[in-house]
Amino acid sequence: MTAGAPVTALPETGLNLAPPLVDRRVALAGGFVVELEAFSGPLDLLLHLLREEQLDIADIPIARIADQFLAAIHELGLNQAADYLEMASRLVRLKVQMLLPRSLDGEEWEDPRAELVRRLLEYQQIKEIAYWMAAAAERRSLRFGRGYLPPPPEVPPPPLTLDLFELLSAVDRAISGILHPVLHRVIARPLNVEGATLRVQSLLEDREEFVWLEALGVRPTISDLLSLLLALLELSRRGLCFVLQPAAFEPLLVRRESPRPAA
Amino acid sequence: MNPLAQLLEAALFAAARPVAAEELVTLDLDASLDDVRVALDQLREHYDFDGHGVELVELAGGYQILSRPAFAAAIERAQLNVRQPRLTAAMLETLAVIAYRQPVGRAEIEDIRGVSASGVLRSLQERGLIEVTGRSEGLGRPLLYGTTPLFLELLGLSDLQSLPRAEELTIALQPPKAEAVGPDDAAAYVAADR
Chain Z
10 MTAGAPVTAL PETGLNLAPP LVDRRVALAG GFVVELEAFS GPLDLLLHLL
60 REEQLDIADI PIARIADQFL AAIHELGLNQ AADYLEMASR LVRLKVQMLL
110 PRSLDGEEWE DPRAELVRRL LEYQQIKEIA YWMAAAAERR SLRFGRGYLP
160 PPPEVPPPPL TLDLFELLSA VDRAISGILH PVLHRVIARP LNVEGATLRV
210 QSLLEDREEF VWLEALGVRP TISDLLSLLL ALLELSRRGL CFVLQPAAFE
260 PLLVRRESPR PAA
Chain E
-13 MNPLAQLLEA ALFAAARPVA AEELVTLDLD ASLDDVRVAL DQLREHYDFD
37 GHGVELVELA GGYQILSRPA FAAAIERAQL NVRQPRLTAA MLETLAVIAY
87 RQPVGRAEIE DIRGVSASGV LRSLQERGLI EVTGRSEGLG RPLLYGTTPL
137 FLELLGLSDL QSLPRAEELT IALQPPKAEA VGPDDAAAYV AADR
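Line order of the protein sequences matches chains Z and E. First residue of the first sequence: 10, per the working numbering; consecutive thereafter. First residue of the second sequence: -13, per the working numbering; consecutive thereafter.
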């Protein structure tokens, strides 16, 4: 982390939605400086505060620690702060609980801090194991195996900054490297919708109805078929013919007049 | 070195990954598992006492021939090999929880660390250090995570038993009250799964 000037005065920002700065330091009332990005969570921050003040985990002065904790997270962006805010509210609650008078009639007093102490100790142990594991990984990384391939670094590829000319010349280079490039040639075959429309209309002048495939020639191409289909759709849209299918999977019939409902 | 030790040396040289003793037995039809273990000891001693640049290391349930740490800096300077990138603090803490409590769900990890864990879990999964080992019977049947052999390899451990035990840690866990010690308590988990 790069060094920066400590922030000495906390600006009144209210809700801070800005992305967190790389280096955000907060000078606490106690005088020491906290780098929030260096902590891996509220428990970590809490342990740090206790260590700085050389306080006993088992007997935490809640009021003091709660104030310091709130001051430390004051500068956090809201996105980061969610985890910290939960701990902050817990500390404030504990602070209140500690102020409540304890009954003096010999009833056993349950320390409201017990749960927090348990979590802190548990987390402290996890941290110690994490340190141990970091050292183990460090020792292991000094030994190389044969033919060991390190995993690729986890950086995302930079966004491509090319203009069209550079892209096209790259395509040319790639294609020229192929021995027998198989290029698909796209031929524009215009559909003859007008011709198909005329054919349908002349057939309807002759006959009351016909099977739609009759409007195709002897050896229809795919574009003939598509032309006919578009012509039929257009004619029926304009009400100049009617297309119907007597039963499922039977060929379509083209009719001059609308099929009247049976009287 | 006897012929079996030589065969094992050749096989481990060729394998370029940790190979389990059970796998090494298949190299020689006449050799038993004990023969292989004896030969492996011989190979290790051969490397250790005759002044070799490599050593035999027990790793992730197997054996691998690795260069000695003393030569790491020179090898890296010559760009013949690259050291593994370091793990972040968040990754290490999450791995620590998973290693001791596996199979463990996300909620428990987040509870112990006090921060959300989804991002860290994803990057640990991408690096192949943890995997989904099943689903909890609890509400919503959340995914349960466990460590992989690659985790052991990264830390240079032969198995999970090589992780430090509770009594080896400087911070001994002292529960504030006797009744606070439950099966879920941190004091129990280090002893568990062993």
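Everything labelled a hint here was simulated from the structure, so no lab data went into it. Hints may contain errors.
[Said to hold, decoys possible] Interface residues of chain Z toward chain E, partial, derived using beta-carbon atoms under 10 Å:
| no. | residue |
| --- | --- |
| 1 | 91 |
| 2 | 128 |
| 3 | 134 |
| 4 | 151 |
| 5 | 155 |
| 6 | 172 |
| 7 | 174 |
| 8 | 221 |
[Claimed, not checked] Listed next, with one range per pair, are the computed distances between beta-carbon atoms:
| no. | chain 1 | residue 1 | chain 2 | residue 2 | range |
| --- | --- | --- | --- | --- | --- |
| 9 | E | 114 | Z | 107 | 24 to 34 Å |
| 10 | Z | 195 | E | 2 | 47 to 57 Å |
| 11 | E | 109 | Z | 107 | 31 to 41 Å |
| 12 | E | 54 | Z | 181 | 43 to 53 Å |
| 13 | Z | 186 | E | 117 | 38 to 48 Å |
Just so you know, even glycine gets a beta-carbon here, dropped at the ideal spot from N, CA and C.
Consistency of the hints with the structure:
no. : hint                        : result
1   : 91                          : holds (7 Å)
2   : 128                         : holds (7 Å)
3   : 134                         : holds (5 Å)
4   : 151                         : holds (4 Å)
5   : 155                         : holds (5 Å)
6   : 172                         : violated (34 Å)
7   : 174                         : violated (36 Å)
8   : 221                         : violated (56 Å)
9   : 114/E <-> 107/Z: 24 to 34 Å : violated (47 Å)
10  : 195/Z <-> 2/E: 47 to 57 Å   : holds (49 Å)
11  : 109/E <-> 107/Z: 31 to 41 Å : holds (40 Å)
12  : 54/E <-> 181/Z: 43 to 53 Å  : holds (51 Å)
13  : 186/Z <-> 117/E: 38 to 48 Å : holds (40 Å)
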